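Asks: So you can see what is in the structure, the chains are spelled out below.
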Amino acid sequence: MGRQLTISCFRYNPNIPGDKPRMQDYKLEEYEGMTLFVALNEIREKLDPTLMFDFVCRAAICGSCAMLINGRPRLACKTMTRTLPSRFTVMPLPVFKLIGDLSVDTGTWFRNLQIRTESWIHTNKKFDFNALEVRMENKTAEAIYEPERCIECGCCVAACVTANIREDFLGATGINRVARFILDPRDERSNAEYFEVVGNEDGAFGCVGIMACADLCPMEIPLQENLAFVRRKMAAAGLKLQFPGVKIS
Amino acid sequence: MELAKNLQTTLNRSYGKTDLYVDLAQSISGVILIGFLWMHMLFVATIVVSPQLFDALSEGLDKYYLAQVGIPATIIVIIIHIFLAGRRAPLRLRDLRIAWRLTNLMNHYDTWIWAGQVITALCVGIMASIHLWVILGAWPLRAATSAARVASTGPADPTWGGFHFPFFLVFYVIFLLVGEYHGGFGLYRILVKWGWFERHKMGWVLKGITVIIVVLGFTALYTFTQIAKTGGAIH
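In order, the protein sequence lines correspond to chains Z and W.
Per the numbering used here, the first sequence starts with residue 1, numbered consecutively.
Per the numbering used here, the second sequence starts with residue 250, numbered consecutively.
Chain Z with its partners taken away, still in its complex shape (with noise of 0.2 Å):
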């Protein structure tokens, strides 16, 4: 016999007039290695139909059950019941648009992420289809794959405050796909141009240096030093860069 699990959940649905935000208790029985995505299924299965949240791959692959699990944004997937007390409560991530309940909808702010951040290779090399792919050194591989293995899941966006209060703050995950770009060689991109992408408070400038981001990403991804690299990077590059700058008064 298992632990008698309590999860109190957040329950409102933006969709239906009149509708309050409430915590709901949920109990039911813990088993071996029972992981918080079985255990929500298993509410929505047996206890209420009703109650709405995001997964897909349940294996840390998709990033779409991201939730604040005891207040921390965490995986649903990837954490274990027997690690959280008996009773301890579900939230959806913050800064993202609320669906209802669990469920939010972070891919309309990984769209607008992907745009602002120009997030595909800049080059003006023609592809041809029939030459050998271009060799890359191992190393670069590798320390393109570090930043690369983000999965969009938004733990970062949603544990940062800075992205909390201010709107147009890119957060971890968007300096971090910026540090994936600069160290890939095959991104023709300026030091210029990175430079207008990131080289503001809305980018690298705008991290307080807090470090949930760092201490609490799923994928541990190394934020602090890819963050602090865009910096750095942005930094030296602004100081040797010209701006022209228009005045108007």
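Calculated from the structure, these hints are not laboratory results.
Keep in mind it's a predicted model, so treat the numbers as computed, not measured.
Virtual Cβ for every residue (Gly too), placed ideally from N, Cα, C.
Accuracy of the hints is not assured; some may be wrong.
[Said to hold, decoys possible] Cβ-Cβ distance ranges computed for the label pairs, FRET-style:
| no. | chain 1 | residue 1 | chain 2 | residue 2 | range |
| --- | --- | --- | --- | --- | --- |
| 1 | W | TYR313 | Z | ILE121 | 56 to 62 Å |
| 2 | Z | ARG186 | W | GLU447 | 29 to 35 Å |
| 3 | W | ILE368 | Z | HIS122 | 42 to 48 Å |
| 4 | W | PHE467 | Z | GLN114 | 50 to 56 Å |
| 5 | W | PHE467 | Z | GLY18 | 58 to 64 Å |
| 6 | Z | CYS57 | W | TRP443 | 33 to 39 Å |
| 7 | Z | PRO21 | W | PHE416 | 43 to 49 Å |
[To be verified] Far from chain W, by Cβ distances over 12 Å, these chain Z residues were calculated:
| no. | residue |
| --- | --- |
| 8 | LYS27 |
| 9 | ILE144 |
| 10 | ILE151 |
| 11 | THR162 |
[Unchecked claim] Part of the chain W face toward chain Z, derived, beta carbon under 8 Å:
| no. | residue |
| --- | --- |
| 12 | GLY284 |
| 13 | VAL326 |
| 14 | THR360 |
| 15 | VAL441 |
For this one, chain Z is given, so just place chain W on it according to the hints.
Replies: What follows is chain W alone, placed relative to chain Z:
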């Protein structure tokens, strides 16, 4: 590239490097102030060695105009730092509530430390102003007068009930703690942002330095009270 450009964001673009300069200036002003604070505390701690050394140092700073130049310069850096670092703090009530809620929800160590930094910033701002007002009014600083101030109790006036309370001692103890907290963790955050060191190890080094400085400060305060007991007869 911003998705929707309006007049304000379009014109902000033309400032180009402002955000970089402001961020650099914030870090630099912080480093200057923590450097000043640690140096200041080491200077004050000379009282532990001997009041003569304290006086000689104080006289030297006056003689070579280091105090006359250093103090106004420090005040200017403090004011700059308030504006630069203050813009990071959640200032609107809405932001304050969001930040406080998130801090409580997450219960994450570094986020609490940061919340403490915002709170101590307010304390340091107010207490540094009082401190400056008091010491500038008591210039020149000498071991005897400083000891008398640290040990003074008040208000001791019959109309106030005639009670004795060591206002200055309590003030300095609190000021020392909040100042070192704000400065120590402030330097930690600057170094974290620029990322030259592994942050956990660096955090412990800074905590070690801070503890040493705080202990020195307490020792100096104790020494002042002892000097005051002997009636300030030190020369």
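Asks: Now tell me if each hint is right for this structure.
Replies: Against the structure, the hints come out as follows:
1. W:TYR313 / Z:ILE121: 56 to 62 Å: For ILE121 (chain Z) against TYR313 (chain W), whose Cβ atoms are near 60 Å apart, the range 56 to 62 Å holds.
2. Z:ARG186 / W:GLU447: 29 to 35 Å: This hint holds: roughly 30 Å between Cβ atoms.
3. W:ILE368 / Z:HIS122: 42 to 48 Å: Once the Cβ atoms are compared, 44 Å apart, the range 42 to 48 Å for HIS122 (chain Z) and ILE368 (chain W) holds.
4. W:PHE467 / Z:GLN114: 50 to 56 Å: The hint (50 to 56 Å, Cβ to Cβ) holds, given that PHE467 (chain W) and GLN114 (chain Z) are roughly 54 Å apart.
5. W:PHE467 / Z:GLY18: 58 to 64 Å: About 59 Å separates the Cβ atoms of PHE467 (chain W) and GLY18 (chain Z), which means 58 to 64 Å holds.
6. Z:CYS57 / W:TRP443: 33 to 39 Å: This hint holds: roughly 36 Å between Cβ atoms.
7. Z:PRO21 / W:PHE416: 43 to 49 Å: holds, 47 Å
8. LYS27: At roughly 23 Å from the nearest Cβ of chain W, LYS27 (chain Z) sits farther out than 12 Å, so the non-interface label holds.
9. ILE144: Nearest chain W Cβ is 18 Å from ILE144 (chain Z), so the label holds.
10. ILE151: Consistent with the label, ILE151 (chain Z) stays out of reach of chain W, its closest Cβ about 20 Å off (over 12 Å).
11. THR162: Answer for THR162 (chain Z): violated, closest chain W Cβ roughly 8 Å.
12. GLY284: For GLY284 (chain W), the interface hint is violated, since the closest Cβ of chain Z sits about 19 Å away, which is over 8 Å.
13. VAL326: Check failed: Cβ of VAL326 (chain W) comes no nearer than 20 Å to chain Z, outside 8 Å.
14. THR360: holds, 5 Å
15. VAL441: holds, 4 Å
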